[in-house]
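**Student:** Next come the chains, spelled out residue by residue.
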Amino acid sequence: MPLQHCGGILFMEENELIPHLFRTEYRKIIAVLCKLFGIEHIEIAEDITSDTFLRASELWGIKGIPENPTAWLYTVAKNKTKDYLKHHSLFSQKIAKDIQHNTITADEIEIDLSGKNINDSELAMMFAICDPCINAEAQIGLALSLLCGFGVEEIADAFLTNKEVIYKRLTRAKQKLKTQCIQIAGPGANDINNRLPLVLVTLYLLFNEGYYSASQNSALRRDFCVEAMRLTLLLAENDTTAKPEVHALLALMCFHASRFEARLNQEAEIILYEDQDETLWNRELIDRGRYYLNLASRGTDVSKYHLEAAIAWWHTNKEDTQEKWEGILQLYNKLLQTAYSPIAALNRTYALAKANGKEQAIAEAEKLQLNSNHLYHSLLGNLYTGLDNKRAVQHYQTAIGLTKSRTVKAALTQTMNRLMY
Amino acid sequence: MKEFLLIFRMQVDANAVPPSPEQMQASMKQWQDWLGGLAAQNKLSAAGNRLGMEGSVVKPAGVVTNGPYVEITEVIGGYSIIKADTLEEAAGLAKGCPILAVNGNVEVRQIMTM
Numbered sequence: 004m005p006l007q008h009c010g011g012i013l014f015m016e017e018n019e020l021i022p023h024l025f026r027t028e029y030r031k032i033i034a035v036l037c038k039l040f041g042i043e044h045i046e047i048a049e050d051i052t053s054d055t056f057l058r059a060s061e062l063w064g065i066k067g068i069p070e071n072p073t074a075w076l077y078t079v080a081k082n083k084t085k086d087y088l089k090h091h092s093l094f095s096q097k098i099a100k101d102i103q104h105n106t107i108t109a110d111e112i113e114i115d116l117s118g119k120n121i122n123d124s125e126l127a128m129m130f131a132i133c134d135p136c137i138n139a140e141a142q143i144g145l146a147l148s149l150l151c152g153f154g155v156e157e158i159a160d161a162f163l164t165n166k167e168v169i170y171k172r173l174t175r176a177k178q179k180l181k182t183q184c185i186q187i188a189g190p191g192a193n194d195i196n197n198r199l200p201l202v203l204v205t206l207y208l209l210f211n212e213g214y215y216s217a218s219q220n221s222a223l224r225r226d227f228c229v230e231a232m233r234l235t236l237l238l239a240e241n242d243t244t245a246k247p248e249v250h251a252l253l254a255l256m257c258f259h260a261s262r263f264e265a266r267l268n269q270e271a272e273i274i275l276y277e278d279q280d281e282t283l284w285n286r287e288l289i290d291r292g293r294y295y296l297n298l299a300s301r302g303t304d305v306s307k308y309h310l311e312a313a314i315a316w317w318h319t320n321k322e323d324t325q326e327k328w329e330g331i332l333q334l335y336n337k338l339l340q341t342a343y344s345p346i347a348a349l350n351r352t353y354a355l356a357k358a359n360g361k362e363q364a365i366a367e368a369e370k371l372q373l374n375s376n377h378l379y380h381s382l383l384g385n386l387y388t389g390l391d392n393k394r395a396v397q398h399y400q401t402a403i404g405l406t407k408s409r410t411v412k413a414a415l416t417q418t419m420n421r422l423m424y
Numbered sequence: 114m115k116e117f118l119l120i121f122r123m124q125v126d127a128n129a130v131p132p133s134p135e136q137m138q139a140s141m142k143q144w145q146d147w148l149g150g151l152a153a154q155n156k157l158s159a160a161g162n163r164l165g166m167e168g169s170v171v172k173p174a175g176v177v178t179n180g181p182y183v184e185i186t187e188v189i190g191g192y193s194i195i196k197a198d199t200l201e202e203a204a205g206l207a208k209g210c211p212i213l214a215v216n217g218n219v220e221v222r223q224i225m226t227m
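Residue numbers (my numbering), protein chains in the order written: chain A, 4 to 424; chain B, 114 to 227.
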């Protein structure tokens with residue numbers, strides 16, 4: 004899976020070209036304009052960018068595709084921006100005062116769509132969006148919309164909701180950023196210390212949204228993961244933000260993404276780790292993951308991303324060994340001491356069974372009291388299998404009753420039936 | 114939910130053979146598995162720390178003695194903070210502590226907030 008969108012533009016049909024450019028260029032133009040205008044004029048940036056693409060789809064159909072479509076888009080976006088600034092009081096009242104000390108005209112404003120400024124602007128936008136004044140769900144929505152160029156419909160599809168809900172969520176979030184006067188500026192040393200953890204949480208959730216989403220649209224889910232990785236890479240390649248935890252998060256994403264092909268079947272249903280065809284694991288991504296995990300090991304900080312990346316690394320060796328499960332168990336012990344989560348508690352108990360034996364794991368599992376969680380009962384079903392099959396079946400039945408997912412129900416029923424006959 | 118301080122005490126035997134690296138590794142695993150188990154139940158507030166064997170006791174009138182074990186045979190080896198609803202529950206959670214296997218004990222005290 005490529006980390007960055009690459010060229011190939013020349014070979015595209017016209018009907019693929021605009022959606023493709025929309026995905027790769029929309030976010031770049033938006034980021035540069037937002038940084039230029041400030042958060043309070045975010046809609047103007049969106050309007051200008053949308054208009055640019057509208058004009059492309061009108062003109063290219065009649066006149067044919069220009070020689071360099073990307074440069075064409077940038078030129079039109081620049082001209083539209085200058086036009087806008089000339090004809091609206093925005094320029095005299097706000098923009099000129101804020102950015103250029105009122106001494107120049109709209110024509111002289113530079114709209115810098117160079118690669119460097121695009122990267123800087125995207126980085127600045129990332130830090131602006133991940134403001135604690137809006138909730139995590141809204142941050143992910145804004146990231147998908149503004150940083151990744153996904154449409155409202157695609158975002159709604161991923162969140163299994165409708166367009167109106169997403170549209171409202173995005174509008175409210177933008178309003179909130181405006182009223183809080185959030186700055187869109189290159190992150191300074193202070194921002195990096197205070198904000199980087201929030202940025203990483205958003206990127207982590209964005210990746211998970213793609214990786215674990217209940218949406219059946221596997222192409223879209225994959226795109227979410229690729230985008231989360233692209234943005235994390237942007238942080239990793241920038242000197243000021245290339246912190247060990249950034250590399251650890253990127254390593255984690257690489258290890259997980261390496262199993263993307265192997266973990267879904269034709270019907271986009273999950274194939275469990277044990278049943279995966281490991282020849283489908285992407286070795287190149289595993290190697291990249293190792294490379295970033297090595298970079299992450301500089302310094303003394305151990306973040307939850309380090310621990311999760313190390314666990315994911317162990318899982319890139321499919322062979323069951325005592326050393327592997329002991330290693331995973333100790334990492335989960337540490338992870339839970341850093342931050343509790345029910346899923347980590349369940350995974351730790353599974354590792355405990357593999358490392359210390361099922362009897363001890365059952366005793367520990369029964370203390371977890373996650374009775375309303377279907378994964379908890381699936382785990383107990385698994386642990387009791389071979390020791391007390393009757394109880395195993397009872398737990399599988401409870402799990403089947405608790406899950407809403409049809410594919411999970413089907414998989415559990417299959418496992419349970421094997422115990423009964 | 115209340116918080117409780119667990120104080121791990123153990124016997125000091127100056128003549129004991131120091132543990133081998135393997136024993137230390139095994140002991141570390143027992144502690145980590147126990148703390149991991151508490152954390153998996155969402156009952157751990159802070160894993161806490163181990164304490165060094167060296168120490169001083171400061172007394173009135175500027176008297177400082179070396180080592181806390183001039184008058185006592187038990188020393189505090191470390192501490193953790195756990196979450197529980199009652200003292201009974203907290204004491205129950207302390208029952209799995211590896212210090213008990215080496216003849217130590219755990220003092221469980223509720224942390225009072227202002």
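A portion of the hints provided could be inaccurate.
Between beta-carbon pairs, the in silico distance windows are [stated by the list, open to error]:
no., chain 1, residue 1, chain 2, residue 2, range
1, A, Lys321, B, Gln223, 53 to 59 angstroms
2, A, Ser375, B, Asn179, 51 to 57 angstroms
3, A, Leu275, B, Pro134, 35 to 41 angstroms
4, B, Val171, A, Asp391, 46 to 52 angstroms
5, A, Gln183, B, Gly175, 41 to 47 angstroms
Think of the hints as simulated: they come from the structure by calculation, not from any bench.
Idealized CB from N, CA, C, for every residue including glycine.
**Student:** Hint by hint, note whether the structure agrees.
**Tutor:** Status of the hints after comparison with the structure:
1. A/Lys321 to B/Gln223: 53 to 59 angstroms: violated, 47 angstroms
2. A/Ser375 to B/Asn179: 51 to 57 angstroms: holds, 56 angstroms
3. A/Leu275 to B/Pro134: 35 to 41 angstroms: holds, 38 angstroms
4. B/Val171 to A/Asp391: 46 to 52 angstroms: For valine 171 of chain B and aspartate 391 of chain A the Cβ distance comes to about 58 angstroms; the hint is violated.
5. A/Gln183 to B/Gly175: 41 to 47 angstroms: Distance hint for glutamine 183 of chain A, glycine 175 of chain B is violated at roughly 56 angstroms.
Of the numbered hints stated above, those contradicted by the structure are hints 1, 4, 5, listed in ascending order.
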